[in-house]
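> Chain by chain, the residues run as shown.
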Amino acid sequence: MMNKLKTDFKDIDQLKNLSGQSSDFTTSQISIADQQVSISYFKTLIDENLLQSNVILPVQNRALDSELRKLEDLKAWIPIDDVEITDQVNDIQAKLLKGYVIAQLDQHDRKCALVNVASKEGLRKNNDTENEFSVVGPKVGFVEDLDTNIRLLRAQINIPNLIVKEVTMGSASKTRVAIIYIDGVTNEKIVQTAEQRLNQIDYDIIWDTSVLDQFISDNSFTPFPLFVTTERRDRVVFGLISGQVAIISDGSPYFVMAPSTLFQFFISPEDYYLSWLLGSFFRLIRIFGVVFSLFATSMYIAITTFHYEVIPRDLLEPLIYSRKNVPFPPLIEVLFLEITIEFLREAGARLPTKIGQTLGIVGGIIIGQATVQAGLTSNILVIIVAFSALASFATPIYKMSNTIRFLRFPLIVLSALWGGLGMFIGIVFLLVHITRLTSLGVPYIVPIYPLRVQDLKDSFIRPSFQFLNHRMRFLKPHSLIRYKPEPVKRKKNDFHDK
Amino acid sequence: MREKAGIMDMRKAFLIIVLSTLITACGDQNIVNNIKLIQTVGYDAARNGIQSAALITNYEEVGKTKLEFFVTESNSMYDSMPRLNTKLDFPIEYGQLRMALFGETFARKGIETAITSLIRDPKISLRTHLGVADRDALEILNVTENKRDPYFLFDMIKQNIRSGNFPLTNLHVTFFNFFGEGRDVFLPYFTVEHGEIKIDGLALFKGDKFKTKISIREAFLLKMLLENSKNGSIMVPVRGPNQNRGDYFLMNSIGSKSTFKVISIGPPACVSIHLKLDAQVRDVPKWINLASKDQRVWLEKMMEAYFEKEIQKFVSLCKRNNVDPVGFGDLIRSRSYKWDDRDFQDHYEALKTTVSVNVTIVQTGR
Amino acid sequence: MRNEISEEYMVSPYLIIFPLYVSIVGVGILNYQSKLIQHAGYNAWISVILTGISIHVILWMIYKILSSNRNDQEIISLNHTLFGKFLGNFVNLAVVLYFVYGAFVKFKVYIEMVQIWLFPRMNILPLTIIIALLIYYAVSGGFRSVTAIGVWTILISLPSVIPQVLLTLPFLHPLNLLPLLNHSATDILLSSKTMVFQYLGLETILLFYPFIKTPAKSQKWAHIIVIFVTFLYLVLLILAFMFLSEGQLRHCIWATLAMISIFEVPLLQSLEYFFVSLWFINIIAGISVYLWVACRGMKTAFRIGQRPSLIVFLIAAVTLNYFIKDHGRIEWISELYGTVGFYFIYAYIPFMFVCVLIRKRLAFHFEERKPA
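Going down the list, the sequences are from chains A, B and C.
Residue numbering for the first sequence follows the UniProt record's numbering, beginning at 1 and increasing consecutively.
Residue numbering for the second sequence follows the UniProt record's numbering, beginning at 1 and increasing consecutively.
Residue numbering for the third sequence follows the UniProt record's numbering, beginning at 1 and increasing consecutively.
Read the hints as simulated data drawn from the structure, not as lab findings.
All C-beta atoms in this analysis are idealised placements derived from N, C-alpha and C, irrespective of residue type, glycine included.
Check before you lean on any hint, since a few could be wrong.
One-sided and incomplete, this derived list gives chain B residues near chain C with beta-carbon spacing under 8 Å [said to hold, decoys possible]:
#, residue
1, M77
2, I119
3, H172
4, F179
5, S334
6, S336
7, Y337
Use the sequences and the hints to build the structure in full.
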């Protein structure tokens, strides 16, 4: 399985066969006078009006008075400049995926005419990413139209191996749902499982891909998101090229990537746009943020309620001072502040952006200040809670950051009951839980358990690209190698050239 | 269907049981602002039993730390805490205890009960420092009251270990010496000078009883024998070849290494001590030129002779008082298959030591 | 037997180091030093090496027993074949109860440690119920989940022990280890016998063996983990010997925790409290392996489902734990377990080994005769 993905084709038939697996690929016969012409194209890539008005109609008109004998005639008849006649299969493949139509006089001809009817429209005016922002890298996000989304994908994965399978779902909505994968990369078992799970769903209206996400997930009694949902094109493309399956329903800008592992929720596409040192550093910061955000407040409770002896003496004084006037036990104090932050987040999410910002300031500064002054909470706790809220938002996938915020509460209660031991009870519960989870049958924490040393490379850190040329083994891809790694060599330096 | 409902009922009942037990779970809380943290404690011998003084900080307002003093008298060590509790509004806790001070009379009577009660409480940190006062511990603690720092004595000892003449001591080291065979306990010794507390050397113990006291200078010798003394200073007397009046100069230790060799396990045993010392010499009398190599070598030779003499003097002081802070007994024990502590004690006075010192002047300042 | 277990429940050979590690190492590693010196004093490190070597021999025997026959790859069915139905069932019940007992001892000893270090006055019942629930959740995930907790344990507990222990370096007195040999061979052997208690848990492999893919390959890993554990015990023992004087160690029961407590980080001090809590994950992992093994034994021996037997075991553990309170009885219970375990390892396993050898000989004999 150490082979690379093959994308070259013997002849046009093979190309059409593979492309035919996608449901947006069409081959049809049109009659021009008494001659049958076979045309094939990707529906999602072309402008069908253009095809009708600028190709088929003129040709049919001309056919009334002259006879179509060879392809060159077609080229002359079509009032579009960009028409090319070729039998080079690589050329055909490239153009086909750019929105050209293949016209053949006979279905099995090696020679064909390529007509450019690529669609330029259809993008939503603003298809920037809205929730998964990044500073470096493209900001292309998906929109609420399935065809546009597939076109956006095809623009970046420009091979016919990108297979789009469509199913119709929802007894009332009849929503088109697409399962997208790369033939020759993705293990068909994953595709089959995804298809099977989708087919078993009986639901009336599919509003969003997130609904599907919940229906096909392996375990519904879990706070963890089992699939990465994303609106970023680069993330979806990266997932597809590494062997995941992407699922999207019409009317939703979100893709579900399956199977996902816990680590993928902490990976941002930006990690790959920055140098590997920086990328790794930011990824570690993010993971540390998660750990901090999960445990900071419960640590505070455990220490102030039970284990005062672990407080270093220099911290003892400020801590006692800050708690001196607080009338509640630490549990109530922490719950009060945490819930306040949840209110702020929830309110901020429902309000328009500008008011949301104002609200953040009002909530963050005024409420924090006032509660401390009123002696309801200690100011050290305000700092801790604010930090951990901040850290929880460093997670790139919103669903995961919600999970982290949610998981804090049981940990807080446990540590109020049994201090540090309670916290560890919570941690062990969590660890057992995540080891029992699977995502489309793939273990959720995979590079750690079952241990896959090779896959661990791209988990905590983001190594240099020369080590990243293998696909993740746990996805059991058909071709393991993505590209030939650049041999390690010194870049030539002017000093050493004589 | 019915079976399933039954299972659900069972689950609900189980959940209720669990939740109700959880409610009863709270207990053993020590909320940090609802306890009284004893930070320094002093033990004195009283007429009938023991007098213990506890130093507790009252964190009232920022910047206005007030130290509170609680003195209780009781018949035994173990009774002092419950008695103290009757005087306080919040329960007392020992988890932040950092310093225990023994009064001189108490230390002479024996500190074993105090030490064993400290070791038994898992809350007491092994980094706690112990000390002996040259009077009642209460008096010394009274002086610290106006310092507004409950850890004043603790910091003082710590500072002197890190950058002064003191060998490493803390509760752990004291336990080690106390329970270890062939070594004896030594603790910092406090006195009051001009209304200020001062560390006045080390108190040497025989078993659990305070025996004698050595000065800061001798503490430095002990530090060099016990560990790598990265700090510490001593005044070395010097007399030039054509000088009739003695001078002193200051020597700082940069690093030292002592090696002990057992020549014979006796009795009487014979031990050879070799000490390698890297020194920094800065302030020397005018007539010594540190830039000249000859002078430096001469100075080194002179310091070596001085330290050899001083260490011999220190060892004989230990022998005279029958205390063993260096751990000669342990040294002999490690070389002999059958070892009897009492047997060694009997011949301790006859222990022979040879000392050789090797001094290198590493730095001479600017 | 083998055909019953589907591939997805099995683990790779190297993964057995995790369940083995967690079932061997328990609370004992925090205080075995003071027990060990009762006979051999500061020569006890020799006992650790001796016990380690003998454990390797036992492990080799276990692998010989288990790989002797394709049909009986675990001890339960082997007992059936060797001793017949009635006697076999009796032995099997004993084996299962032995593992349940072991799990209970682990549980009780940890709870006692929590009571000493963290909550001397707390009502312990709710805590035990929560822990029982947690164990139920862990064990019901099957052998893979049990192994996974082992992985987490090693990932979390080892990195947090080793650096802390190494920070005792400025306090070490290498002189304590001398003289090298001043105790009699009997004393050293007696200490070795005490040390066996720290190795109990190894025998769980008798039951989870068929859950390993290509089990023969796992022998290497089993030996590696025993070597590692021996090394760990040896390092902690020697460090404790150099850190504490002999008289001190007799007073200081929790030697490993004492070594940890000397270390301070800027944000926290008294890390031994954190460590007592952290050790929870190790205990849970160990108990899970024991109980999983016991339930598996119940299933293969008596066809009783794993879930009901697990529930019964847990309820029994919680109830017993509630009623046993005084330290003397806990000591007695764990000593009894030590004795039973000693005979299990050094009597039962060699006996089985001999039985299997004889059976093999006989089978060979029969086959030779048959054609004639």
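> Find the hints from earlier in the document that the structure breaks and name them by number, from lowest to highest.
1
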